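Using our numbering, read the sequence shown as starting at 1 and increasing by one per residue.
Bear in mind the hints are in silico, worked out from the structure with no lab data behind them.
Hints are supplied without guarantee of correctness; some may be wrong.
[Claimed, not checked] Here are the computed lysine to any residue pairs in the SDA-like style, where the Cα-Cα straight-line distance is at most 25 Å:
| no. | residue 1 | residue 2 |
| --- | --- | --- |
| 1 | 91 | 57 |
| 2 | 111 | 60 |
| 3 | 69 | 45 |
| 4 | 89 | 37 |
| 5 | 82 | 66 |
| 6 | 89 | 114 |
| 7 | 49 | 105 |
| 8 | 91 | 58 |
| 9 | 89 | 58 |
| 10 | 49 | 38 |
| 11 | 82 | 111 |
| 12 | 91 | 114 |
| 13 | 49 | 62 |
| 14 | 82 | 63 |
| 15 | 89 | 113 |
| 16 | 91 | 113 |
Here the structure is a predicted model, which means the values were calculated and not measured.
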Amino acid sequence: MFFMAQKPSNIKYVDILDRLPFEEGFHFCLEGGNYTGITATSIQEFTEKLRIIDQNSIDFHMQRKDFQKWLQNEFCDKDLSKQIDCLWKEKVVDEQLRQELLDTINAYIRKWQDC
């Protein structure tokens with residue numbers, strides 16, 4: 001069994017562990033929308049990039065809820081998006097935020113890999 005999410009806008013099915021086209025990837029930016037040159041095109045790659053991205057980029061995207069929006073829009077995944085949103089509401093910050101994001105996403109990936 002593996003999870004498939006339906007993308008309502010074009011009735012496209014996306015496996016939560018699939019790779020997206022570059023244009024639909026997550027493009028990490030800094031404040032002011034300045035692109036860092038780093039893009040993630042899968043959730044697995046997203047975690048890899050979270051390990052190395054400048055903390056200011058993480059803070060910028062968390063304030064705007066960009067991570068949550070990307071997961072919902074590209075993977076139709078509300079569960080992981082809600083889990084990440086909880087980190088924001090709990091006011092987790094700095095390196096603890098990075099680690100909590102990684103732990104949350106990696107646990108979610110393992111859940112789907114085990115199916």
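Hints, one by one, checked against the model:
| no. | hint | verdict |
| --- | --- | --- |
| 1 | 91 - 57 | holds, 16 Å |
| 2 | 111 - 60 | violated, 28 Å |
| 3 | 69 - 45 | holds, 17 Å |
| 4 | 89 - 37 | violated, 28 Å |
| 5 | 82 - 66 | holds, 12 Å |
| 6 | 89 - 114 | violated, 29 Å |
| 7 | 49 - 105 | holds, 12 Å |
| 8 | 91 - 58 | holds, 13 Å |
| 9 | 89 - 58 | holds, 15 Å |
| 10 | 49 - 38 | holds, 7 Å |
| 11 | 82 - 111 | holds, 16 Å |
| 12 | 91 - 114 | violated, 31 Å |
| 13 | 49 - 62 | holds, 15 Å |
| 14 | 82 - 63 | holds, 14 Å |
| 15 | 89 - 113 | violated, 28 Å |
| 16 | 91 - 113 | violated, 29 Å |
In terms of the numbered hints stated before, the structure departs from hints 2, 4, 6, 12, 15, 16, listed from lowest to highest.
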